[in-house]
Amino acid sequence: MSKGNDILDKDDLKRLREAAFGPQTFWVTETLPLQDLDKSGILIRGNLRDSREKVFAHVCAKVSELFGEGKYEVIMVEDELLPGEAEPIGKAAAFGPRVAFQIVPAAQAQPPQTNAWRQGAAVVLFMLFVASCLQLSLVANITKLPRETLEFFANADSFNSDALPPGLEDWDPTSYFITAVPIFVSLLGINFSHEIGHRIAAAVRNVKLGPSYFVPNLQLGSFGTITPFTSLLKDRTALWDVATAGPLASALASMAVMVLGLLQSSPGLLPKELLIPVPTALFQSSLLLGTVVKAVLGDQITAGTEEVLISPLVIAGWCGLVTTALNLLPVGSLDGGRMVQAAYGRQALALSSFFTYVGLGLGLLGSSLSLPFGLYVIICQRTAEKYIKDNVTPLGDGKRTATAAAVLAAILILVPMAPEVAQSIGVGKVDPFF
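Note that full-length UniProt numbering numbers the sequence shown so that position 291 is 291, with each residue one more than the last.
Do not rely on the hints blindly, as some may be mistaken.
[What the hints assert, rightly or not] Calculated cross-link-like contacts (lysine to any residue; reagent style SDA-like; alpha-carbon spacing at most 25 Å):
#: 1; residue 1: Lys234; residue 2: Thr383
#: 2; residue 1: Lys208; residue 2: Glu30
#: 3; residue 1: Lys234; residue 2: Leu375
#: 4; residue 1: Lys208; residue 2: Gln219
#: 5; residue 1: Lys386; residue 2: Ala61
#: 6; residue 1: Lys386; residue 2: Pro165
#: 7; residue 1: Lys62; residue 2: Gln108
#: 8; residue 1: Lys234; residue 2: Lys144
#: 9; residue 1: Lys144; residue 2: Pro165
#: 10; residue 1: Lys10; residue 2: Ser51
#: 11; residue 1: Lys386; residue 2: Ala348
#: 12; residue 1: Lys272; residue 2: Val181
#: 13; residue 1: Lys389; residue 2: Lys144
#: 14; residue 1: Lys389; residue 2: Gly22
#: 15; residue 1: Lys386; residue 2: Asp397
#: 16; residue 1: Lys389; residue 2: Phe177
#: 17; residue 1: Lys39; residue 2: Pro228
#: 18; residue 1: Lys272; residue 2: Leu309
#: 19; residue 1: Lys386; residue 2: Asp11
#: 20; residue 1: Lys234; residue 2: Val77
#: 21; residue 1: Lys144; residue 2: Phe177
#: 22; residue 1: Lys208; residue 2: Ile196
#: 23; residue 1: Lys10; residue 2: Lys62
#: 24; residue 1: Lys399; residue 2: Arg118
#: 25; residue 1: Lys144; residue 2: Asn115
#: 26; residue 1: Lys208; residue 2: Leu218
#: 27; residue 1: Lys272; residue 2: Asp397
#: 28; residue 1: Lys62; residue 2: Ser40
#: 29; residue 1: Lys208; residue 2: Ala109
#: 30; residue 1: Lys14; residue 2: Arg49
#: 31; residue 1: Lys386; residue 2: Leu375
#: 32; residue 1: Lys386; residue 2: Arg118
#: 33; residue 1: Lys399; residue 2: Asn206
#: 34; residue 1: Lys389; residue 2: Thr25
Everything labelled a hint here was simulated from the structure, so no lab data went into it.
The structure presented is a predicted model; accordingly, all values stated were derived computationally and were not measured.
The whole structure should be built from the sequences, with the hints applied where relevant.
As structure tokens, this is what we get:
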């Protein structure tokens with residue numbers, strides 16, 4: 001037995017090799033201590049002699065039979081070739097890429113568990129998230145305040161005055177608050193639908209999740225949530241299903257809200273008091289969403305027009321779709337990163353993460369949101385998921401195609417509209433210097 005392997009003695013390891021491995025299942029070539037900072041165990045390398053699904057099930061059954069249920073976990077991973085090693089040939093090559101088996105104490109194979117500190121952090125972040133949604137709903141229709149009031153707040157010296165801001169003496173705030181409420185409620189509903197989607201899929205797949213850590217943002221209401229796994233996932237299919245359900249739910253909710261808002265924005269459908277004036281330049285911040293808005297509103301946002309009256313629901317739906325798109329970026333443990341890892345593997349995720357960081361760093365994805373979101377990902381979401389029992393068996397073509405389509409849609413939402421494109425299709429006022 002290799003030096004440093006302290007979870008199985010030589011006799012147990014011999015019994016394991018004789019019972020679980022062999023010329024008809026998995027021919028062992030090397031046994032090594034597991035090199036992992038988070039867990040100890042053994043790494044068993046070799047060549048497949050049968051389908052990986054059958055071998056994996058056989059090894060799991062034999063480990064439970066030899067050492068009892070729940071003492072050790074068997075994790076199947078892709079085995080990277082070491083210098084001087086050749087690709088599998090003959091019968092071994094017929095069963096796909098090389099795999100290795102990790103035998104790990106069950107307690108060490110589980111993700112970090114929820115404690116009181118984490119629960120407290122989740123509560124604090126949730127309150128900040130609600131506050132950020134409230135702030136956004138009030139700021140989004142700030143143009144409804146009297147002009148002299150806006151000029152008062154635009155002057156930094158005014159904040160030292162104890163006098164009531166001018167213009168508010170006889171101002172009726174009813175319209176202001178009526179248009180703020182739909183934004184606030186819709187933002188909460190969209191973000192909640194995202195989390196409900198994750199948790200329904202997790203329940204179906206028998207996956208345990210920790211508390212949702214909402215990440216507040218003043219421009220969108222939220223950057224989404226951090227939803228950690230607290231149990232070992234069965235396979236990459238479970239990872240994909242749980243990761244996909246959240247953005248699917250929030251995307252559907254956001255689209256429903258935005259479409260309803262666009263329909264309400266048609267001239268004469270709603271009183272002007274229930275609409276919000278926004279700069280048409282806003283619609284140039286997203287290639288996909290700006291094109292959709294132009295298709296529905298038409299000449300209302302034609303080139304040269306500086307402002308347009310829209311329903312508050314358009315703002316809420318827009319923010320929801322941008323938040324969903326950010327979380328579909330293929331990087332780290334974001335929903336998009338989990339989907340790419342499940343569909344294409346860790347190497348593909350590493351490559352897509354690199355290009356995502358480049359896009360965020362250059363401001364190509366999300367414009368003014370790119371820097372804060374990129375820092376958030378680097379600090380909180382940069383690592384890939386590793387708590388998966390079968391981290392090798394690939395997904396079907398349907399889910400792989402859906403993953404690519406979701407990432408492409410996210411990019412089209414986050415990429416701003418080029419001035420030439422905005423001018424050609426007639427979206428907002430274009431700066432003549434560009």
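Now the hints, each set against the structure:
A distance of roughly 19 Å separates the Cα atoms of Lys234 and Thr383; the hinted pair therefore holds under the 25 Å criterion. This hinted pair does not check out: Lys208 and Glu30 have alpha carbons roughly 34 Å apart, beyond 25 Å. In summary, the hint linking Lys234 to Leu375 is not supported, as the alpha carbons are separated by about 31 Å, beyond the 25 Å threshold. Restraint check: the Cα-Cα separation between Lys208 and Gln219 comes to about 31 Å, which exceeds 25 Å; the hinted pair is violated.
Straight-line distance between C-alpha atoms of Lys386 and Ala61 comes to about 22 Å, which keeps the hinted pair within the 25 Å bound. For the suggested pair Lys386 and Pro165, the alpha carbons sit about 56 Å apart, so the restraint of at most 25 Å is broken. At most 25 Å may separate the alpha-carbon atoms for a hinted pair to count; Lys62 and Gln108 meet this at roughly 20 Å. At most 25 Å may separate the alpha-carbon atoms for a hinted pair to count; Lys234 and Lys144 exceed this at roughly 53 Å.
Between Lys144 and Pro165 the CA atoms are separated by roughly 15 Å; this keeps the pair inside 25 Å, and the hint holds. Pair hint Lys10 plus Ser51 does not hold up; C-alpha atoms about 28 Å apart against a cutoff of 25 Å. Using a Cα cut-off of 25 Å, the hinted pair Lys386 and Ala348 holds, with the two alpha carbons roughly 15 Å apart. In summary, the hint linking Lys272 to Val181 is supported, as the alpha carbons are separated by about 16 Å, within the 25 Å threshold.
Between the alpha carbons of Lys389 and Lys144 the distance comes to roughly 55 Å, so the proposed pair goes past 25 Å and is violated. Pair hint Lys389 plus Gly22 holds up; C-alpha atoms about 21 Å apart against a cutoff of 25 Å. Between Lys386 and Asp397, the direct Cα distance comes to roughly 23 Å. Compliance with the 25 Å bound is thereby established for this hinted pair. As the CA atoms of Lys389 and Phe177 are separated by approximately 51 Å, the hinted pair breaks the 25 Å bound.
In summary, the hint linking Lys39 to Pro228 is supported, as the alpha carbons are separated by about 18 Å, within the 25 Å threshold. Annotation: proposed proximity of Lys272 to Leu309 holds, straight-line Cα distance about 8 Å (limit 25 Å). At roughly 30 Å between alpha-carbon atoms, Lys386 and Asp11 are farther apart than 25 Å, so this suggested pair is violated. The suggested pairing of Lys234 with Val77 holds, with an alpha-carbon distance near 13 Å, which does not exceed 25 Å.
With a C-alpha separation of about 10 Å, the suggested pair Lys144 and Phe177 falls inside the 25 Å cut-off, and the hint holds. For the proposed pair Lys208 and Ile196, the alpha carbon gap of about 13 Å is at most 25 Å, so the pair holds. Between the alpha carbons of Lys10 and Lys62 the distance comes to roughly 17 Å, so the proposed pair stays at or under 25 Å and holds. Between Lys399 and Arg118, the direct Cα distance comes to roughly 33 Å. Violation of the 25 Å bound is thereby established for this hinted pair.
Our distance criterion of 25 Å between C-alpha atoms is broken by Lys144 and Asn115, whose separation comes to about 45 Å. Taking the CA atoms of Lys208 and Leu218, the gap is near 30 Å; set against the 25 Å cutoff, the hint is violated. For the hint linking Lys272 to Asp397, the alpha-carbon distance of about 49 Å lies beyond 25 Å, and the restraint is violated. Between the alpha carbons of Lys62 and Ser40 the distance comes to roughly 20 Å, so the proposed pair stays at or under 25 Å and holds.
Restraint check for Lys208 and Ala109: satisfied, since their Cα atoms lie roughly 14 Å apart, inside the 25 Å limit. Distance hint between Lys14 and Arg49 is fulfilled; the C-alpha atoms sit about 20 Å from each other, no more than 25 Å. A hinted pair counts as satisfied when its Cα atoms are at most 25 Å apart, and Lys386 with Leu375 qualifies at roughly 22 Å. With a CA separation close to 20 Å, the supplied pair Lys386 and Arg118 stays within the 25 Å bound.
Between Lys399 and Asn206, the direct Cα distance comes to roughly 20 Å. Compliance with the 25 Å bound is thereby established for this hinted pair. Our distance criterion of 25 Å between C-alpha atoms is met by Lys389 and Thr25, whose separation comes to about 18 Å.
Hints 2, 3, 4, 6, 8, 10, 13, 16, 19, 24, 25, 26, 27 from the list above are not met by this structure, while the remaining hints are.
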